[in-house]
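Since the structure of chain A is already known, use the hints to place chain B on it.
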Amino acid sequence: MTAHHPTGTDAQVPFADNSASRTIGGMTVENGTDSIAFYGQTDLSRDRTGLERARALLAFMQQVVTTLEAQKNLPDALPPRKPAKVANPFA
Amino acid sequence: MIRAAMSTPRRGDFHPDPRIALGERAELEDYVRSGFDRGHMSPSGDMPDEQTQEETFLLSNIVPQRAALNRGRWEEIESAVRRLTLREGELYVVTGPAFHGATLSAIGTDRVLVPTSTWKAIYDPRREQTGVYVCHNVARAPGCSHVSVAELTHVTGIDPFPALPARLKQACMALPLGTTGTTRARTHTRTHRATRYHRRRSRHIYYRW
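Those protein sequence lines, which keep their order, are chains A and B.
According to my numbering, the first sequence is numbered sequentially starting from 954.
According to my numbering, the second sequence is numbered sequentially starting from 6.
The shape of chain A in the complex, shown without the other chains (with noise of 0.2 Å):
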């Protein structure tokens, strides 16, 4: 497969794009320019793997933080989009 890497490294950066999936720290990252789907279970051990998931977390979550703070008009919340409805074309 030769499809184009818009973000082919490891590094993610919070809302840039709308394909980059990553798992940060046992958790899937699902970038997107509107919203980044953040799901899954991850344990945070009392060790030093789990010093190390809840450090990437923790980049992670400041990145959001910041990217959102920084941008000016931010709105309380993004319009819902409703899904258009068409004729079945399988029925």
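Pairs of lysine to aspartate or glutamate, DMTMM-like flavour, derived with a Cα cap of 20 Å: (1) A/Lys1038 x B/Glu32; (2) A/Lys1035 x B/Asp115; (3) A/Lys1025 x A/Asp987; (4) A/Lys1038 x B/Glu34; (5) A/Lys1035 x B/Glu34; (6) A/Lys1035 x B/Glu32; (7) A/Lys1038 x B/Glu29; (8) A/Lys1038 x B/Asp115; (9) A/Lys1025 x A/Asp970; (10) A/Lys1035 x A/Asp987.
If you are wondering where the hints come from, they were derived from the structure by calculation, not from laboratory data.
Using the frame of chain A, we list chain B on its own:
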């Protein structure tokens, strides 16, 4: 393969499928502010290396899926199928969307159709049995169930295992996970209404497509 998949770090970039003509394919922008997750059909978590994993991020392998399903029951089913594969040694898995009803939701300027259900068909060659997981693509508490391959084919017109004889497709094998909530409750209601019709229907778990 599954062990290789489990040790492959999960990462990829969603991208449009260049093999499909512009205007006919989904684009990244179609999903922006759509309120839907980009739901994998073939799971990235099943892939044994980075190349095959990247291919699962093609939008031709993606459908608009509700977060409650994608991040919840569907993920649990994907994990359960991986564990079942380790136990059985080998499984054939075919995953797809179902579009039921007169009208459908569509997202983005390319009008990407939102499936009403997603299904995952399993063939276990060791047991010579088949079965299908099917889940409603809804925003709240998506109900999942098990149906036979015969029922899947009857409803969707798709036979995921055309080389298998019909006798292997009539019943659903015992599958881990997948039946929940409203669908289960409905099954019980039906069973108790003991008309002949309902008794016949209740032999397999009822799924309202």
